[in-house]
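K.L.:
Residue numbers (our numbering), protein chains in the order written: chain R, 220 to 623; chain V, 220 to 623; chain H, 375 to 782; chain X, 375 to 782.
If you're looking for bench data, these hints aren't it; they were derived computationally from the structure. All C-beta atoms, glycine included, are put in the ideal place defined by N, C-alpha and C. A couple of the hints might just be wrong.
Distance windows between CB atoms, simulated [what the hints assert, rightly or not]:
#1 538(R) x 724(X): 29 to 35 Å
#2 632(H) x 538(X): 56 to 62 Å
#3 538(V) x 763(H): 47 to 53 Å
#4 579(R) x 407(H): 26 to 32 Å
#5 500(V) x 404(X): 43 to 49 Å
#6 404(X) x 366(V): 50 to 56 Å
#7 579(V) x 763(H): 42 to 48 Å
If you want the building blocks of each chain, they are given just below.
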Amino acid sequence: MVSLASEHGTDTVPVLTSAEAVSVARRLSAVFAEGAARRDAERILPGPELDELSASGLLAISVPAAFGGAGLPVATITEVFRILAEGDPNIAQIPHSHFVYVNAVHHQATPAQQEFLFGEVLAGKRFGNAQSEIRSKHVRDHATTLWPAAPGRWRLAGEKGYATGALFADWIPVLAHLDEGGPLHVAWVERTAPGVTVVDDWDGLGQRTTASGTVRLDDVAVSDDRITPYHLTFTGPQTYGSFAQVLHAALDAGIARAAIRDAAAFVTTASRPYPDAGVERAADDPLVVHAFGEMELAVRGAEALVAEAARAVDAANEHLSAESAGAASLAVAAARAATTHASVEAASRLFEVCGTRSALASLRLDRHWRNARTHTLHDPAAWKVQHLGRFAVDGTLPPNHGQI
Amino acid sequence: MVSLASEHGTDTVPVLTSAEAVSVARRLSAVFAEGAARRDAERILPGPELDELSASGLLAISVPAAFGGAGLPVATITEVFRILAEGDPNIAQIPHSHFVYVNAVHHQATPAQQEFLFGEVLAGKRFGNAQSEIRSKHVRDHATTLWPAAPGRWRLAGEKGYATGALFADWIPVLAHLDEGGPLHVAWVERTAPGVTVVDDWDGLGQRTTASGTVRLDDVAVSDDRITPYHLTFTGPQTYGSFAQVLHAALDAGIARAAIRDAAAFVTTASRPYPDAGVERAADDPLVVHAFGEMELAVRGAEALVAEAARAVDAANEHLSAESAGAASLAVAAARAATTHASVEAASRLFEVCGTRSALASLRLDRHWRNARTHTLHDPAAWKVQHLGRFAVDGTLPPNHGQI
Amino acid sequence: MTHRSNVEALYPQIAEGALRRELDGELPTGPVKRLKDAGLGALRVPRESGGDGLSWPELVQVWIDLAAADNNLPQAFRGHFAFAEDRLWHHRRGQDQSAWFARFTAGEIAGNAWSEVGPTPIDSQRTVLTAQADGSYRLDGEKYYTTGTIFAEWADVYVRRTNPHRPEEGEDDFAIAIVDTRQGGVTVVDDWDGFGQRGTGSGTTTFENVAVPAENVLPFGDRFPYQTAVYQLNLLATLVGIGKAALEDTITAVRGRERNYSHANAARVRDDAQVLARVGEIAAAIYAAEAATLRVAAAVEDVAAAAGADGASIARLNETAEVESAIAQVVVTDLILRATSDLFDTLGASATSRAKGLDRHWRNARTVSSHNPRILKSRVVGGYLVNGTPPPYAWAIGVTQRDAGTAS
Amino acid sequence: MTHRSNVEALYPQIAEGALRRELDGELPTGPVKRLKDAGLGALRVPRESGGDGLSWPELVQVWIDLAAADNNLPQAFRGHFAFAEDRLWHHRRGQDQSAWFARFTAGEIAGNAWSEVGPTPIDSQRTVLTAQADGSYRLDGEKYYTTGTIFAEWADVYVRRTNPHRPEEGEDDFAIAIVDTRQGGVTVVDDWDGFGQRGTGSGTTTFENVAVPAENVLPFGDRFPYQTAVYQLNLLATLVGIGKAALEDTITAVRGRERNYSHANAARVRDDAQVLARVGEIAAAIYAAEAATLRVAAAVEDVAAAAGADGASIARLNETAEVESAIAQVVVTDLILRATSDLFDTLGASATSRAKGLDRHWRNARTVSSHNPRILKSRVVGGYLVNGTPPPYAWAIGVTQRDAGTAS
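All chains, please: the whole structure from these sequences, using the hints.
P.N.:
Pasting the structure below:
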């Protein structure tokens with residue numbers, strides 16, 4: 220049951236309860252799943268699907284209740300992400316930075332900015348992202364700068380890559396130095412503002428329709444009221460990183476589940492039994508069943524860790540301390556590492572259980588592996604394992620930054 | 220804080236809350252851990268430790284509140300098991316059948332029998348087990364029989380193996396046919412009753428001090444009021460199997476955690492760094508840390524699945540149906556398979572991270588692998604995977620029996 | 375100069391174009407032509423007949439290195455090497471094969487046309503060779519997965535032979551027809567739609583009233599017995615070559631990486647212990663896979679060298695070769711698939727660019743290994759070891775007339 | 375009759391007693407005696423000197439099969455084969471070694487005494503060989519992990535050599551002393567307390583004022599260069615032999631299992647597809663491990679055969695052998711450890727009986743592989759491939775005087 224948030228007028232999206240959010244996500248996921256293979260094959264960007272997602276209210280579920288939003292817990296947001304990703308992980312990835320920046324507004328913006336930006340979200344607007352710079356040596360170096368133009372006015376110049384979501388965004392939050400070499404801030408620019416160009420030049424082997432292209436900022440005018448402090452200053456305990464990461468984990472968990480689903484559909488309808496197995500259906504071959512069991516086991520383990528991590532982020536949000544934030548980061552690290560492994564593995568073993576015919580390119584069954592392989596490289600899973608290891612050996616808590 | 224259940228008089232054990240149970244388990248686990256290596260080396264049976272366990276009230280936490288017990292949920296019982304197993308999995312395994320038979324009394328005994336047997340448990344008495352027969356072809360064939368002696372009186376004859384806990388039990392529930400080839404029942408005999416012999420002939424490579432020996436029943440007198448119907452008739456949905464299995468899973472999860480703990484203690488105090496690693500401490504070698512991370516990850520995944528499974532059993536107990544019981548069985552199957560893998564793997568990789576010196580026999584560090592390898596063969600993990608696979612392929616729910 | 379050294383001299387040039395052909399979906403027609411001219415098809419032909427007389431381990435090493443240059447090529451020549459081995463087998467058993475050896479040394483090759491997927495029931499073939507009144511034959515039918523035939527002068531076709539002119543000669547039987555693909559009526563279409571091994575030329579071949587002289591019709595029962603092992607060995611060598619190419623690409627990419635994670639163990643990725651360890655693991659997997667594959671080649675050599683032995687000895691050696699190829703498949707598949715997927719763990723997000731094509735190694739390996747699912751092979755191996763159950767195909771050729779088209 | 379065939383004839387008898395010796399904690403003194411008498415120690419001695427002249431791949435196959443009979447034995451002879459190889463190396467480089475070859479063919483062997491664990495700093499040795507006024511030497515000190523020395527007539531001891539009589543000859547240097555263990559002052563204690571490889575005789579050897587004639591003192595710098603690879607190869611062969619024994623035990627146990635799980639795929643365990651598949655996987659792992667190990671043996675053969683070559687060629691071949699042994703270790707360790715632990719998945723709870731001793735395979739493999747942690751070797755391999763970093767020990771012997779005692 221979706222209730223309309225009538226107090227915001229007819230222009231606002233529905234405000235959902237946790238149960239509603241999960242049920243709406245399930246419905247949309249099933250719809251998105253139908254077109255996923257074709258969109259991957261023909262590289263059709265999911266514009267209408269994103270509009271449907273916005274209209275459903277799912278992109279507003281993290282707006283705090285104080286601002287008229289649903290204020291749903293991380294546990295629900297994570298589960299919604301996982302469900303959407305099972306349908307089409309490209310669509311699920313696009314609003315990832317949207318949720319991250321809603322979170323940033325919650326923690327870093329002024330009340331006036333919050334009122335304005337949350338209002339935009341409740342009105343169905345989307346936030347993109349323009350953060351990484353491709354030419355930098357370290358992943359977290361930045362050259363984009365807000366140059367002073369007049370008192371309270373700036374002009375933003377630079378170029379950003381891997382800008383997932385920017386193409387479909389209404390607002391693009393851009394990470395930039397405030398004046399040359401100054402502190403990092405976020406400049407909020409409208410997608411349609413003069414000087415903003417979004418180039419759809421993303422050509423990855425997977426996650427092909429995420430439109431994770433390049434954002435060029437050519438002296439874009441920005442005023443003070445559209446600049447927020449960089450939410451990644453990490454001067455104290457935070458869950459900014461663990462929140463962003465648990466959504467990534469949920470996305471890979473969704474890919475893994477989709478791989479099992481498609482494998483089961485193929486085996487029960489299209490696979491021929493191996494002549495020597497002595498069974499009528501490939502689905503009755505105990506070794507095929509065993510392989511499915513191993514895949515199911517890995518994916519359930521990953522799902523359990525994602526749920527556990529989301530609860531840990533909620534718990535840290537409730538009582539924030541170095542310990543609770545560290546525990547959340549470790550729980551999220553485990554979820555990321557497990558979902559990385561489970562998604563790549565399930566998507567690869569799909570072919571082991573389905574047999575020769577599943578390798579036909581027209582079926583696009585390899586998209587699960589390509590999607591998993593691409594998205595799991597977002598930041599290195601090996602480092603999640605390293606942080607878990609440091610904790611296991613010495614009890615060392617992970618570092619305080621945005622990637623864990 | 221442990222409160223005494225004064226309404227049962229001074230002879231009863233404390234009735235614990237969930238939080239108390241976990242905290243008492245932690246305290247006892249730490250104590251048990253100290254002597255674990257020596258008991259394994261010299262094969263010293265943990266008699267005093269079991270008495271301490273009984274006195275603590277932990278063995279009474281599953282007695283229903285209606286009978287004056289704590290009536291704690293499966294989630295708590297499972298966590299208590301896991302914690303105790305981390306200290307010494309031999310001690311944790313001994314009361315496994317105790318909990319299983321308390322559960323059986325709850326579901327299958329008459330109110331009078333419940334009053335009596337629960338009273339015994341609240342008084343600190345322990346239940347053993349005499350179920351498997353070694354000479355049978357299938358694991359679940361039985362020859363032990365209650366022969367009619369007089370109206371309402373029977374004599375019990377047979378031999379049982381792998382009778383974990385029987386040696387230390389006050390009451391031994393014996394699985395037997397009621398008359399030749401008759402329906403299976405449970406005969407409750409006192410450990411000290413005439414005709415009952417318990418032989419400590421267990422000589423496994425691991426779990427060496429569980430006293431899982433042979434029970435001989437030589438015309439033991441049993442009256443009607445000490446006979447309960449076989450709780451494993453499985454005519455309808457049940458959680459008997461999933462409850463027993465989730466405790467097994469918790470035990471292996473405890474072994475896995477203990478292996479990581481001992482590995483970390485060794486690496487941080489006794490391992491020499493590899494000369495080429497260029498680090499001062501072995502614990503700072505990134506590859507050692509990475510291996511720890513992988514172990515930690517596998518064990519966290521297993522722990523998460525155990526917790527998830529325990530909650531699923533609680534949920535099925537609340538609303539029992541074929542679907543909820545099947546879901547619990549599948550969740551438990553995943554927990555069993557994951558804990559099997561994680562415990563064997565962590566206990567084996569311990570040596571990879573610790574280096575040559577950890578292979579000294581006197582350290583008994585191989586006991587973790589021997590314990591895991593022995594206990595995980597209790598029933599085959601491959602079958603847990605098979606049931607998960609059947610569900611993943613076809614949505615088939617697992618069979619309705621006591622091993623899943 | 376041996377044929378082998380001529381062939382090996384082509385590798386760098388072939389390797390250079392492999393990624394481009396992959397991205398453009400282009401068949402390796404040029405490389406195949408140059409390899410034919412260099413004498414790849416004559417490597418097993420005896421020296422006295424103008425070949426190199428390579429042993430099986432030597433040939434398999436060539437396959438592996440060729441697959442490292444371009445994953446498609448050994449598979450494109452698979453049918454040829456099987457047919458050439460059949461000729462060599464009969465040469466060793468005393469039949470004159472000089473005409474064929476001359477063709478092979480002149481650069482002619484054969485492709486495979488055995489499979490009929492779809493509705494074809496076991497033990498029947500819809501590709502029919504019809505005896506003519508003059509003793510010659512005509513061939514009609516359609517074959518799928520005719521790997522390499524698009525590049526070949528000859529097609530090695532598994533057929534049902536019928537003789538409407540002499541019904542008294544009994545029921546139809548199964549035979550091998552060697553068909554000149556250069557004549558009218560033979561059409562090869564590259565309709566292979568796999569997501570890997572795209573350049574193997576595994577298309578569909580159609581035969582319409584194609585003439586086959588009687589001397590090019592061979593009794594099925596005379597086929598060399600270890601064809602199944604040779605087929606598997608070709609796939610194993612391809613997998614290993616894919617692994618080697620993947621390792622090479624990984625090393626190059628790691629050397630070129632500049633950005634490292636800020637909490638990493640070392641400033642340069644190439645000094646990071648975790649990254650190096652992962653590269654080491656990938657290399658080790660490929661080392662063992664190559665060793666296992668060459669060991670299977672030695673077992674195949676043993677049966678190939680026993681052409682003159684008694685039937686029981688041949689059967690025993692053949693069973694060994696067959697079992698060893700199955701054993702190796704279980705472990706090699708696992709090692710290579712893991713290596714081609716794990717290589718991404720040493721690289722950053724930029725490795726996922728389609729233009730770099732680093733996913734092709736996994737796609738190729740996945741496609742090769744889908745030919746015979748590893749999980750089913752492991753049961754065959756276990757059954758042989760525990761119960762002595764012979765592997766299913768060791769006895770399939772030359773003994774029964776079971777559908778040999780599945781023996782790929 | 376070759377020495378090899380005499381040795382191989384002993385395997386069944388040795389295998390029969392292996393489990394009992396393991397359970398009783400008994401050293402394999404009898405088997406070692408019989409193997410010495412059969413000529414195991416002379417397998418690499420040239421034929422013209424009364425040996426078998428085996429190549430390295432042939433010797434390694436003997437090691438593998440011997441380890442399958444009793445896991446301890448190849449390791450117990452490891453020090454001997456290293457010392458014998460040093461003699462063979464010098465023979466090939468033109469030194470007369472006939473006296474040693476005669477001892478080896480007569481059944482005398484050498485044990486190893488190189489390690490000093492504990493407080494010994496790198497590049498120093500507390501075992502001291504003191505020159506006497508008459509030019510002979512006296513040896514004092516204590517060595518740990520002296521594998522095989524308890525069974526041996528000779529100890530191959532790494533020492534610091536000092537000459538108090540002639541301080542003008544400069545600082546102490548490092549040398550090899552070959553000590554007759556049959557004289558007074560040499561004490562060997564079997565104090566090895568590992569949970570695996572219990573019968574390797576890896577104890578402590580003490581030398582108290584032991585006489586060493588000058589001709590038995592060898593300059594450390596002259597040691598044959600590929601000792602590290604030989605040591606690794608011995609451990610690899612042992613691992614593979616352990617794996618083969620484990621597979622054999624598994625197959626026997628599966629055949630003997632009667633009780634099956636009631637929802638199983640088949641009435642008899644031996645017909646259960648899952649069980650057979652797991653057996654197949656174990657067999658495949660061992661097949662690849664054996665193939666990789668024999669491939670390393672071929673690389674060691676290459677350097678051994680190059681005794682007459684120039685220094686640069688030797689160094690290059692030695693580096694290859696070293697790197698290949700490290701590569702193989704990464705993958706073989708993983709394959710064998712997994713196989714010896716996974717075998718329980720094919721068996722029931724009764725397999726955990728201590729009397730059956732099925733855990734010994736894992737305990738033995740775990741102990742062998744703890745000698746050189748796999749995770750560290752993988753980094754060495756990766757560093758070599760990516761950055762060309764030479765493996766740490768390839769240059770350790772004969773070039774620098776780095777503590778060679780760690781090269782085990």
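K.L.:
Honestly, which of those hints from before does the structure not fit?
P.N.:
Hint check: 1 fails alone, others pass.
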